[in-house]
Every structure is written in C-alpha cells, then in structure tokens.
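Engineer: Here is how the chains run, residue by residue.
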Amino acid sequence: GAGVSQSPRYKVAKRGQDVALRCDPISGHVSLFWYQQALGQGPEFLTYFQNEAQLDKSGLPSDRFFAERPEGSVSTLKIQRTQQEDSAVYLCASSVDSYSNQPQHFGDGTRLSIL
Amino acid sequence: ILNVEQSPQSLHVQEGDSTNFTCSFPSSNFYALHWYRWETAKSPEALFVMTLNGDEKKKGRISATLNTKEGYSYLYIKGSQPEDSATYLCAFNAGGTSYGKLTFGQGTILTVHP
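Chains as they are written, first to last, in my numbering: chain A, 110 to 224; chain B, 111 to 224.
In case anyone wonders, no lab produced these hints; they're calculated from the structure.
Each hint should be verified, as a subset may be incorrect.
To be verified - A short list of chain B residues far from chain A (calculated; beta carbon distances all over 10 Å):
| hint | residue |
| --- | --- |
| 1 | Glu125 |
| 2 | Thr129 |
| 3 | Asn163 |
| 4 | Thr175 |
| 5 | Ala196 |
Unchecked claim - Subject to a maximum C-alpha distance of 20 Å in a straight line, what follows is the list of computed DMTMM-like cross-link-like pairs (lysine to aspartate or glutamate):
| hint | chain 1 | residue 1 | chain 2 | residue 2 |
| --- | --- | --- | --- | --- |
| 6 | B | Lys152 | A | Glu153 |
| 7 | A | Lys187 | A | Asp165 |
| 8 | B | Lys188 | B | Glu149 |
| 9 | B | Lys152 | A | Glu177 |
| 10 | A | Lys123 | A | Glu194 |
| 11 | B | Lys152 | A | Glu194 |
| 12 | A | Lys123 | A | Asp133 |
| 13 | B | Lys152 | B | Glu115 |
| 14 | A | Lys187 | A | Glu153 |
Beta carbons: idealized from backbone N, C-alpha and C, even for Gly.
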C-alpha cells in the first residue's frame, strides 16, 4: 500500500534479548520519526531523520536504543538487552519534510512485550 | 521539558451531541500545533496542522481553533457519530533546532454511544 508500513506488528521477547523494529516510510518522504507510546500516555518522541541523517536523538531513553536509516528510506530501531520497561507501542511516522509543517503519517505501530 | 495537556481525559456522549475538548501548550516558541485521531487497531490519522494565531480549520463535522498567545487549541465535533469514537491527540511543535519533533498530549478518549 501507499502508507507507512511497520513490522512486526507484535513482538514478544525475553528480558535481555535484542530486538529490531522496521519502518518503511511513504515513498519520497524525506523525514522519518520514531515514537514510543506507553499504556495510557501519548506518544513520546525518540528520534528523527532527514534523509539518512539522524538530526535529533534526544528522546532515546538509553544507549541500548539505536536507530538507523542508512539509505534514507527504510529505518530500523534496535533495542539491545531489552528490559521490561521497554514494553510499549513503537510508532513510526514519515512526512514530506520536517520544515514545511506537513502532517506526519503514522504506521500501525509495533507492540513490544518484554517478559 | 515541554508540557502539553489535554482535557478532559475521557468523554462519553450520545449520538448527535456536539462536543469539544482542549489542548494547552507553551505559548512561547510556537511553530505548529497538530491534531490526530487514533482509532483502536488503526494508525493515527492527521486531522489538522495549525500554524497561525486565530487559525480555524474544518474537516467535515470536525473543526479546530488556535490561540497561540494564550497557548490553547479547541477541537469541536458537531453531531457526534459512533464512528467518531477514538482517541484525539494534539501535538506541539516548537520548531527551532528540531523542527520535526512533536510533543504529544496524553489524548482525549471519546466514546459516542448510539
């Protein structure tokens, strides 16, 4: 389809395992964003890319979180040595660019559960 | 830390009622205010991006107003329908060195009863 695609939709992992979450943005969208949503809260910003450049990673909660977008399209959010507090919905969004006040288009999210 | 607050936290209305809820945000360093609707099991859907003080935007039965000087935005739904049931999120963009970064409120959960 033409929307933002995230995979997997659901991920269950044991504490201490590494996980990788994938985001396919809308074709041609320059900006890509990652958010974390805990139960009952609004999404919280993690990081964003303009093409392949990671312009802001101030929201990444620890150095266990790492995001990349090597060719300026698909992005991967990696979480190493997962902890129970990492359980959340991880949302990816893309937009035409981040300067023109265009809306962000969201994927369905990946629901991560850490046991 | 930017503080974006939405009220009420949840709202139950009857079909046909009109309703409104509030988003408050910092009145300094304003760049844009976004509204999204998030239905269960779907992805958040963009409703409006508002940039100018006094802006009013409309999409069908849904409209929004913006007051950047006092730091609030209202979202109105006229003649609510059960399909309007969703979480409504506002998000503040302060611009500056991180134009793309949105700070979200916690959302207003709207339930419209037939």
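Engineer: Which constraints among the numbered hints does this structure fail? Numbers only, ascending.
Structural biologist: Violated: hints 9, 11, 12, 13.
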